[in-house]
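Work the whole structure out from these sequences, hints included.
Chains as they are written, first to last, in the numbering used here: chain A, 1 to 134; chain B, 135 to 520.
Watch out, some of these pointers could steer you wrong.
Said to hold, decoys possible - The calculated lysine to aspartate or glutamate pairs, modelled on DMTMM-like cross-linking and capped at a C-alpha distance of 25 Å, are:
1. K309(B) with D154(B)
2. K61(A) with E91(A)
3. K61(A) with E267(B)
4. K61(A) with D388(B)
5. K61(A) with E92(A)
6. K61(A) with E292(B)
7. K161(B) with E204(B)
Quick caveat, the hints were computed from the structure, so don't treat them as lab data.
In this text, all values refer to a predicted model and were calculated from it rather than measured experimentally.
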Amino acid sequence: MPEQFPQIILDGDSQVYWEGIARGELRIQRCAACTRYVFYPRSICPHCFSDRLSWVVASGKGTIYSYTVAHQAFGPFAREVPFVIAIVELEEGVRMMTRIIGSPRERITIGAPVRVSCESVAEGPTLPYFRLVE
Amino acid sequence: MPKLVASSPYAAIVGVAESDLGRTPGKTALQLQAQAARGALDDAGLRFEDVDALFCAGNWAWSPNLMLAEYLGIRPKYSDSTNIGGSSFEAHIGHAVAAIEAGLFDIALITYGSTQRSDRSRGRGNPAFRLTEQYEGPFGLPTPVGAYALAAMRHMHEFGTTSEQLAEVAVATRKWATLNEKAMMRDPITIDDVLNSRWIAEPLHLLDCCLVTDGGGAIVVASAARARQTRKAPVWILGHGEAHTHNTIANMPDLAVHRAAIASGRTAFAMAGLTPAEMDVVEIYDSFTITVILTLEALGFCGHGEGGTFVSGQRTAPGSPFPMNTNGGGLSYCHPGMYGIFLLIEATRQLRGECGQRQVQGANLALAHGTGGVLSSAATVILGKD
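What follows is the structure in structure tokens.
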């Protein structure tokens, strides 16, 4: 029996974020006190401890900060190997984990420009994947 | 600045032991810890009723300390279940020294045990992503290996570190394992063997990764006054430090720099009044080959970005000028999930001169450094003998 995609437990920090992803919008937070961007979503700014955080829609553009090709994976992800996982640094300066899709492995490099692409996963949620900018 | 304690240490390691290691079918985490605890107390010439503090870390119970103390029949007056991953036991040493300095107890027992290999608990999928797991878990990164692969890829990008240099660590560590009859993997390997082993998460091959074993260990720490009355010469705790910088890998401040280890090492060396060059033997957490390279740089054994060059030419192998991971490490000896306690056990034995054919001659000062999580936490302990 194939394993189910794990449930994502939405909470008071994450609900707005996931609602955005479902609509194709990458929402991050910005701190009104120190003006820095924040990801993942929180109730307190990790740079200045202010609670004056508000939501903004990110540009969706960034570069690959690092990546790996998983040849072994766990649970429902095991059947998808090999796949490319990356940490992307957004234009806004925050980093997030993602998958890089739509390009052969040879074209994936650190520093390559990428753009968000919200994709619905089979029997799972919509997730913010990234594609190389051609 | 931390005060210097080198002239008069507060506490010492007076007993160490492993349980059965490798594959222990039918054993429980409690049995392995009981076996190791008996061994460590016997090594110290102490009895269960002498123990007045218990330190342990594990994920086999909601409160490992409560379950283990009851099982062993210990009623400690001081308890610490700090769990910051594989470095927890180096942190426990620091916490024990601080509490002994404060006069809170005299004899601490530190234990770990896991049956992860027999349980086949590694690789089991997570049924739900809660709290901050939900921003990384859905992408399927195999952890911890995938996180260390991301760090390795960044280190290669910034500094030109090569797969061959990573493999140097695995090959040298295996050479030490051939000298340790307790090591699980004792057949010599070559750099080509590492490079030709299958990919797990690029750029890490199978032989860049630690073993998955069962096993347990225990350490007895005593106040200075009590340490002088135990069975063997005390191994003095000269310095300790700990730090953590992040939980999930995307939140590591700089993937090519082990900042937690920079902080923990700096504190430990300052407290001991010693420098990296003065260490005679070092035991460095080797969950993956990249862990070692990042840690050597962070502790100041070489410059940032120079770790790959530093380990080249089998510099850390037996008979080399830099004896490291002398029991065969997590890569070849054992790695039951949280490996940090075994670093301390080996460092203690090296300073006592108990290591037989793998003994480092003239070892007076040793360093044990744990790394936990996904390069998240670090704790450093510096040990010395009279």
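Evaluated hints:
no. : hint                 : verdict
1   : K309(B) with D154(B) : holds (22 Å)
2   : K61(A) with E91(A)   : holds (6 Å)
3   : K61(A) with E267(B)  : holds (23 Å)
4   : K61(A) with D388(B)  : holds (20 Å)
5   : K61(A) with E92(A)   : holds (9 Å)
6   : K61(A) with E292(B)  : holds (22 Å)
7   : K161(B) with E204(B) : holds (18 Å)
Comparing the model with each numbered hint stated earlier shows that all of them hold.
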